[in-house]
Amino acid sequence: MTYELPPLPYAKNALAPHLSEETLNFHYEKHHRGYVNKLNQLAAEKPAWAGKSYEELIKTESGVVFNQAAQIWNHTFYWKSLSPNGGGAPTGKIAELINEAFGSFDAFKEKFSAAASGHFGSGWAWLVRDDNNKLQIVSTHDAGNPIKDGHNPVLTCDVWEHAYYIDFRNDRPKYIATWWNLVNWEFANSNLK
Amino acid sequence: VSTQSTGPLHGYHTMFAIARSALRAPVRRTFAASASASVHTLPDLPYDYNALEPHISAEIMTLHHKKHHQTYVTGLNAAEEAYVKAPTPKERIALQAAVKFNGGGHINHSLFWKNLAPTGSPETKLSGGEFKEAIEKAFGSVDAFKKELNTKTAAIQGSGWGWLGYNKATKSLEIVTTANQDPLLSHVPIIGIDIWEHAFYLQYKNVKPDYLNAIWNVLNFKEAAARYKEARSSS
Chain A
1 MTYELPPLPY
11 AKNALAPHLS
21 EETLNFHYEK
31 HHRGYVNKLN
41 QLAAEKPAWA
51 GKSYEELIKT
61 ESGVVFNQAA
71 QIWNHTFYWK
81 SLSPNGGGAP
91 TGKIAELINE
101 AFGSFDAFKE
111 KFSAAASGHF
121 GSGWAWLVRD
131 DNNKLQIVST
141 HDAGNPIKDG
151 HNPVLTCDVW
161 EHAYYIDFRN
171 DRPKYIATWW
181 NLVNWEFANS
191 NLK
Chain B
1 VSTQSTGPLH
11 GYHTMFAIAR
21 SALRAPVRRT
31 FAASASASVH
41 TLPDLPYDYN
51 ALEPHISAEI
61 MTLHHKKHHQ
71 TYVTGLNAAE
81 EAYVKAPTPK
91 ERIALQAAVK
101 FNGGGHINHS
111 LFWKNLAPTG
121 SPETKLSGGE
131 FKEAIEKAFG
141 SVDAFKKELN
151 TKTAAIQGSG
161 WGWLGYNKAT
171 KSLEIVTTAN
181 QDPLLSHVPI
191 IGIDIWEHAF
201 YLQYKNVKPD
211 YLNAIWNVLN
221 FKEAAARYKE
231 ARSSS
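Going down the list, the sequences are from chains A and B.
So the first sequence is residues 1 to 193, counted in this note's numbering.
So the second sequence is residues 1 to 235, counted in this note's numbering.
None of these hints come from the bench; they were simulated from the model.
Owing to the predicted nature of the structure, the values given are computational and were not obtained by experimental measurement.
Some clues are possibly wrong.
[Claimed, not checked] List time: in silico DSS-like cross-link candidates among lysine-lysine, alpha-carbon distance up to 25 angstroms:
#: 1; chain 1: A; residue 1: 12; chain 2: B; residue 2: 205
#: 2; chain 1: A; residue 1: 30; chain 2: B; residue 2: 205
#: 3; chain 1: B; residue 1: 205; chain 2: B; residue 2: 147
#: 4; chain 1: A; residue 1: 38; chain 2: B; residue 2: 85
#: 5; chain 1: A; residue 1: 38; chain 2: A; residue 2: 93
#: 6; chain 1: B; residue 1: 147; chain 2: A; residue 2: 38
#: 7; chain 1: A; residue 1: 174; chain 2: B; residue 2: 146
#: 8; chain 1: A; residue 1: 174; chain 2: A; residue 2: 30
#: 9; chain 1: B; residue 1: 132; chain 2: B; residue 2: 67
#: 10; chain 1: B; residue 1: 146; chain 2: B; residue 2: 100
#: 11; chain 1: B; residue 1: 205; chain 2: A; residue 2: 111
#: 12; chain 1: B; residue 1: 152; chain 2: A; residue 2: 38
#: 13; chain 1: A; residue 1: 193; chain 2: A; residue 2: 109
#: 14; chain 1: A; residue 1: 174; chain 2: A; residue 2: 109
#: 15; chain 1: B; residue 1: 146; chain 2: B; residue 2: 205
#: 16; chain 1: A; residue 1: 38; chain 2: B; residue 2: 208
#: 17; chain 1: A; residue 1: 174; chain 2: B; residue 2: 66
#: 18; chain 1: A; residue 1: 148; chain 2: A; residue 2: 38
#: 19; chain 1: B; residue 1: 66; chain 2: A; residue 2: 30
#: 20; chain 1: A; residue 1: 80; chain 2: B; residue 2: 90
#: 21; chain 1: B; residue 1: 66; chain 2: B; residue 2: 146
#: 22; chain 1: A; residue 1: 12; chain 2: B; residue 2: 208
#: 23; chain 1: A; residue 1: 134; chain 2: A; residue 2: 59
#: 24; chain 1: A; residue 1: 111; chain 2: B; residue 2: 152
#: 25; chain 1: A; residue 1: 30; chain 2: B; residue 2: 100
#: 26; chain 1: A; residue 1: 148; chain 2: A; residue 2: 193
#: 27; chain 1: A; residue 1: 174; chain 2: A; residue 2: 111
#: 28; chain 1: A; residue 1: 38; chain 2: B; residue 2: 146
#: 29; chain 1: B; residue 1: 168; chain 2: A; residue 2: 174
#: 30; chain 1: B; residue 1: 100; chain 2: B; residue 2: 90
#: 31; chain 1: B; residue 1: 100; chain 2: B; residue 2: 152
#: 32; chain 1: A; residue 1: 30; chain 2: B; residue 2: 152
Looking at chain B on its own, in the form it has when it is part of the complex (with noise of 0.2 angstroms):
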């Protein structure tokens, strides 16, 4: 499996592809002594970790990117590694849960510091064009998709994320939830919502609602047009 890094910064091309190669059924390839895992990095907030300020705090931005996110990377790194010297099928097998998590996280974290932007910038404006109407048409008003995005993620048991997907089969946007860090893989990921308490325990405790309705601030609309376009374009 080609999973290869471009360095700190990962365009969501890269994250796609990822997402993509994770679809494709096992290729049977026999791994030569010298080859080694791809080394995934880390990618830098595109903003400061204080940007996000009042809607999610600092604390939890730092704590996120540079204690969580990394772990996925490591782990997922320490994982591909093992996987790739792994010997038999069977213990291929025993490291799949490994990579799943480890990968998923870092793919899900990718996707989501791009779907985020400082407060009050013009990115988390949703402006009228192609993207707009098209959540319109979808759920009504951008109000019943916010509600409806909002509710089906607070729903989720437990660990997971709350997505806007493009559902490339029937053309259209629609909201998804995915569990633990299972990557979205039935659809195309417009806008990702992590709904794992460590992504708003320090400022909101258990009132999810309150982090859901805070979030809406803060997301990155610009970068949602620009994935929606993309998946049209790419059907």
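Chain A on its own, in the form it takes in the complex (with noise of 0.2 angstroms):
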């Protein structure tokens, strides 16, 4: 069994004027794809591990088959926390959710801004949810992914520099701003219990 690089959900232009053609043609052709290509190499030898889900890798094991795993995983959810049809306010149960989590949706988007523009280095931020649909804002590094400390993920955004530095260059706080542009609630909605 080989690792795929899952689909884009959507045209590499799809995110444009916010996130351009060009940072996703990079991001999702040599960053991702190229996690995939590497966890294929090191799969190749036919380690224990071979064949086993990402969820598995990520929960089980460390190292840079981790960081593959995990990162091939990160990706995936990022690319579906965003949408060309994304943006604007919480609509639906997420919304009631981060009111009682939060106070308000302005009150959630600083915290998370600040969560994701104040990380150290490279990472991630996510919106996370216990098994009672409690939110909750944590910050991963490097290649860390909130599954493997038993949370479930909601929503994410990508603090590598890679992520913003063609559109962006190290201006980190007006990504943050950008990606609320492009927000997938529905996709949020549908990581609810």
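Hey, can you piece these two chains together into the complex? The hints should help.
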């Protein structure tokens, strides 16, 4: 069994002008695909873990194998967290849950933005839920994935520099502000219990 | 913690001092109400922004120095000021991550600018002498040294730095890496290579090996040799 790169949920230019076609080209074809290629290279040596799902690898592996599996999973989740039709205020159950957990959408937006822009180094900002749909903001470092800690991811924002450098250079806060124009509330709702 | 800045041009001695001071056990000291943290400043680049072309672009050098390094300096000043004013150990501990991140960023980048030199300048030649011999002894050859430094730096998962460091305990040159903006404390820094994406992305995108090959054209071996000599004599 070889690991495959899941298709992008939209065309590479679909998130423009917020995120450029150039960014999606490099981010998806080079970085995301690069992790898949590397995992297949490692799996070709037929170790015991070859063929296991990304979730299993995330929960049981470490080092370079974990890094590839986690980054494949993280990026797949990231593409789905964005949508050409995204942005605006949350609707549906997620809107209620946000108000319950954070007081208001604005308060949540501020906290999530702070977590994303304030993360030192490479990593990810996540909205996660527990088994009671209680929402929480967590950040992970480098390839870190919250399912390893038993969280259920709802949305993610990639804060590795490659995610924003082409379009925003060093201005990560501006990139985060743009992320809010693309956030996929439908996907968020689908990740609730 | 004394971290005196001496103005725009930081000698590497100052950087060693900064790194060393980070190793000291916490000093019990009551800070007078008027005590203030030192003000760190962005050191000038020793060359023009375009001096490392075509290996590292002017755009990268400009953003890297004026934006990224400046942000670490600003962040360090803010973190240190808050740290000095923090009234409890708990509050000071909460600020330590910001001091480490921004302080390390300032140390690392100050070292970095000085261990780069303009394309084609004499400093980029590794000439025969004590330092070159030490490299050949430690790695077998200069090519083997290059390969090991590049391989280990490229293997960093995330952001960090690859270093040629001098191990004072074993009196040997070794390749080590640090994560994020952690300063190199286990060894004396001789050559640092920034592998954060901001160091190369605009020009090299995801192709780290191309950047790592290119940077060898602009490493300042004269500075490296001087650091090595200083490290040896202060053992």
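Going down the list of hints, with the structure as the test:
At roughly 17 angstroms between alpha-carbon atoms, residue 12(A) and residue 205(B) fall within 25 angstroms of each other, so this suggested pair holds. Of the supplied pair hints, the one linking residue 30(A) and residue 205(B) holds, its CA atoms being roughly 9 angstroms apart against a limit of 25 angstroms. The straight-line distance between the Cα atoms of residue 205(B) and residue 147(B) is roughly 21 angstroms, inside the 25 angstroms bound, and the hint therefore holds. With a CA separation close to 48 angstroms, the supplied pair residue 38(A) and residue 85(B) exceeds the 25 angstroms bound.
Note on residue 38(A) and residue 93(A): the hinted pairing is violated, with a Cα-Cα distance of about 38 angstroms set against a maximum of 25 angstroms. A C-alpha spacing of about 21 angstroms is found between residue 147(B) and residue 38(A), which places the hinted pair at or below 25 angstroms, so the restraint holds. Between the alpha carbons of residue 174(A) and residue 146(B) the distance comes to roughly 38 angstroms, so the proposed pair goes past 25 angstroms and is violated. Of the supplied pair hints, the one linking residue 174(A) and residue 30(A) holds, its CA atoms being roughly 24 angstroms apart against a limit of 25 angstroms.
Distance check on the hinted pair: residue 132(B) and residue 67(B) sit about 35 angstroms apart at the alpha-carbon level, beyond 25 angstroms; violated. Only pairs whose Cα atoms come within 25 angstroms are accepted, and residue 146(B) paired with residue 100(B) is rejected, the gap being roughly 29 angstroms. Of the supplied pair hints, the one linking residue 205(B) and residue 111(A) is violated, its CA atoms being roughly 31 angstroms apart against a limit of 25 angstroms. Restraint check: the Cα-Cα separation between residue 152(B) and residue 38(A) comes to about 17 angstroms, which is no more than 25 angstroms; the hinted pair holds.
With a C-alpha separation of about 22 angstroms, the suggested pair residue 193(A) and residue 109(A) falls inside the 25 angstroms cut-off, and the hint holds. Proximity of residue 174(A) to residue 109(A) is assessed by CA-CA distance (about 14 angstroms); at most 25 angstroms being required, the pair is judged to hold. Proximity of residue 146(B) to residue 205(B) is assessed by CA-CA distance (about 21 angstroms); at most 25 angstroms being required, the pair is judged to hold. A distance of roughly 15 angstroms separates the Cα atoms of residue 38(A) and residue 208(B); the hinted pair therefore holds under the 25 angstroms criterion.
Note on residue 174(A) and residue 66(B): the hinted pairing holds, with a Cα-Cα distance of about 18 angstroms set against a maximum of 25 angstroms. A distance of roughly 21 angstroms separates the Cα atoms of residue 148(A) and residue 38(A); the hinted pair therefore holds under the 25 angstroms criterion. Taking the CA atoms of residue 66(B) and residue 30(A), the gap is near 28 angstroms; set against the 25 angstroms cutoff, the hint is violated. Our distance criterion of 25 angstroms between C-alpha atoms is broken by residue 80(A) and residue 90(B), whose separation comes to about 40 angstroms.
Annotation: proposed proximity of residue 66(B) to residue 146(B) is violated, straight-line Cα distance about 29 angstroms (limit 25 angstroms). Straight-line distance between C-alpha atoms of residue 12(A) and residue 208(B) comes to about 23 angstroms, which keeps the hinted pair within the 25 angstroms bound. Proposed proximity of residue 134(A) and residue 59(A) is supported: the alpha carbons are some 22 angstroms apart, at most 25 angstroms. A distance of roughly 36 angstroms separates the Cα atoms of residue 111(A) and residue 152(B); the hinted pair therefore is violated under the 25 angstroms criterion.
Our distance criterion of 25 angstroms between C-alpha atoms is broken by residue 30(A) and residue 100(B), whose separation comes to about 32 angstroms. Taken as a hint, the residue 148(A) and residue 193(A) pair is honoured in the structure, with Cα atoms around 19 angstroms apart against an allowance of 25 angstroms. Straight-line distance between C-alpha atoms of residue 174(A) and residue 111(A) comes to about 15 angstroms, which keeps the hinted pair within the 25 angstroms bound. Between residue 38(A) and residue 146(B), the direct Cα distance comes to roughly 24 angstroms. Compliance with the 25 angstroms bound is thereby established for this hinted pair.
With a C-alpha separation of about 44 angstroms, the suggested pair residue 168(B) and residue 174(A) falls outside the 25 angstroms cut-off, and the hint is violated. Using a Cα cut-off of 25 angstroms, the hinted pair residue 100(B) and residue 90(B) holds, with the two alpha carbons roughly 16 angstroms apart. A distance of roughly 23 angstroms separates the Cα atoms of residue 100(B) and residue 152(B); the hinted pair therefore holds under the 25 angstroms criterion. Taken as a hint, the residue 30(A) and residue 152(B) pair is honoured in the structure, with Cα atoms around 21 angstroms apart against an allowance of 25 angstroms.
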